[in-house]
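Make a model of the complete structure from these sequences and hints.
Take the sequence shown: its letter number 219 is residue 219 in full-length UniProt numbering, and every next letter is one higher.
I should point out that these hints are in silico values taken from the structure, not numbers from a laboratory. Heads up, some of the hints might be wrong.
To be verified - Dumping the calculated DMTMM-like pairs for lysine to aspartate or glutamate here, alpha-carbon to alpha-carbon at most 25 Å:
| id | residue 1 | residue 2 |
| --- | --- | --- |
| 1 | Lys-38 | Asp-64 |
| 2 | Lys-282 | Glu-248 |
| 3 | Lys-370 | Asp-309 |
| 4 | Lys-39 | Asp-217 |
| 5 | Lys-317 | Asp-296 |
| 6 | Lys-252 | Asp-274 |
| 7 | Lys-2 | Glu-233 |
| 8 | Lys-211 | Asp-259 |
| 9 | Lys-275 | Glu-323 |
| 10 | Lys-282 | Asp-309 |
| 11 | Lys-317 | Asp-292 |
| 12 | Lys-39 | Glu-233 |
| 13 | Lys-282 | Glu-327 |
| 14 | Lys-231 | Glu-266 |
| 15 | Lys-252 | Glu-37 |
| 16 | Lys-275 | Glu-36 |
| 17 | Lys-157 | Glu-108 |
| 18 | Lys-14 | Asp-26 |
| 19 | Lys-317 | Glu-290 |
| 20 | Lys-300 | Glu-287 |
| 21 | Lys-100 | Asp-64 |
| 22 | Lys-313 | Asp-294 |
| 23 | Lys-275 | Glu-29 |
| 24 | Lys-38 | Asp-217 |
| 25 | Lys-136 | Glu-108 |
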Amino acid sequence: MKILHLGDLHIGKKVNGYSMIENQRDVFEQIYRVIEEKKVETVLIAGDIYDRSVPSEEATETLDEFLSHLINTLQVRVIAISGNHDSPARLEFSRGILAKQGLHIVGEYNKLVNKVSVDNFDFYLMPFVTPATIRKKFGEVIEERELTVSTYDDTMKFITGEAVAQLDRDRVNIALYHGFVIGSGEKEEDIEREESVKPLAVGGKESVAEKYFLDFDYTALGHLHGNRRVKSERVRYSGSPIKYSFSERNQKKSLTVIDIDRDRFEVENIEIVDKYPMVEIKGTFDEVMEADIDSDAYLKVTLTETVLDAMNKLRTKYSQVMELGIEIATSDAVRKDHRSANIDKVPTDELFKDLAASVGVELDEEEVEKVREIVNEIIKGEG
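Below you can see the structure in the form of structure tokens.
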């Protein structure tokens, strides 16, 4: 079976106030072409289908168009789970009717093992879930077996254990899970997590051991936005198909196509054409304006000088400046006295000029003179 593994679509997402819908629709067109060219039969979506638990009308329309094209036009089946950004109940609405149309989606654990069977394939659907939710729903089972379910690792050990006990080894067994999976010997803090990836826990351990998934022939993961395997080639993150933060700007986004059967396993990553690249640039205003950058790129600009109305001026060339920062070197006088801890020797007006510059404001001579007058008044008052 040819399978397209997707995850972290985040439909409806806004980055610094910019809607990603147009970008998402462009990527969906690329997905349609890959499905046709590679003769994909099944599309897996490993969570974070929407970016918000209550999506906008535009986001719901975009997802409806996407799924309708996959199922009705391309005639592929879609198997999906909810992620930590999704509303499980909202995604599961009309689940029974949708399954008859070729859309199998699980958002909530109404039972411990959620399985979809197609030909000689069994798909085990494991949406994002917190330890507290599992304890609440299956507390009696946990208590009877004297289990501890206090971490995400405990939770998935429990859930995968139930699924593995039901595996038919003569069939192809595929798991979908949305969460933070790490391999043997890896540490949570060593795994790159993009700025756009929302933490699953505050101050607690988030990771789940890869070993719980090794009984499956393939595990389609969602949550991390980079395309990567977790030790084993058969336990993989597809990554998000779109860059959702500047921490992802150097990632090569791709579509993961799996060709799998009992005696066959092949992975192909097909690079996505980035219509709207994310670019960081630092320099003077003139250097930035003269740079060879796609005018449609999403930009993070750091200017090394103050420029009046800089954002509007930048947008005369670059329509999508998402972030603008100012970094100006402190004057020699301030740097010298900072090092010697004799800051009291630095002229007061010089200190104020540097303070203003640090937040992107350049004081003119009239403003500097006003600062001097105020400081002198304060000194006189203290005398």
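A quick look at each hint next to the structure:
no.: 1; hint: Lys-38 with Asp-64; verdict: holds, 23 Å
no.: 2; hint: Lys-282 with Glu-248; verdict: holds, 18 Å
no.: 3; hint: Lys-370 with Asp-309; verdict: holds, 23 Å
no.: 4; hint: Lys-39 with Asp-217; verdict: holds, 21 Å
no.: 5; hint: Lys-317 with Asp-296; verdict: holds, 9 Å
no.: 6; hint: Lys-252 with Asp-274; verdict: holds, 9 Å
no.: 7; hint: Lys-2 with Glu-233; verdict: holds, 16 Å
no.: 8; hint: Lys-211 with Asp-259; verdict: holds, 23 Å
no.: 9; hint: Lys-275 with Glu-323; verdict: holds, 19 Å
no.: 10; hint: Lys-282 with Asp-309; verdict: holds, 17 Å
no.: 11; hint: Lys-317 with Asp-292; verdict: holds, 11 Å
no.: 12; hint: Lys-39 with Glu-233; verdict: holds, 22 Å
no.: 13; hint: Lys-282 with Glu-327; verdict: holds, 9 Å
no.: 14; hint: Lys-231 with Glu-266; verdict: holds, 16 Å
no.: 15; hint: Lys-252 with Glu-37; verdict: holds, 21 Å
no.: 16; hint: Lys-275 with Glu-36; verdict: holds, 21 Å
no.: 17; hint: Lys-157 with Glu-108; verdict: holds, 18 Å
no.: 18; hint: Lys-14 with Asp-26; verdict: holds, 16 Å
no.: 19; hint: Lys-317 with Glu-290; verdict: holds, 10 Å
no.: 20; hint: Lys-300 with Glu-287; verdict: holds, 14 Å
no.: 21; hint: Lys-100 with Asp-64; verdict: holds, 16 Å
no.: 22; hint: Lys-313 with Asp-294; verdict: holds, 17 Å
no.: 23; hint: Lys-275 with Glu-29; verdict: holds, 12 Å
no.: 24; hint: Lys-38 with Asp-217; verdict: holds, 21 Å
no.: 25; hint: Lys-136 with Glu-108; verdict: holds, 13 Å
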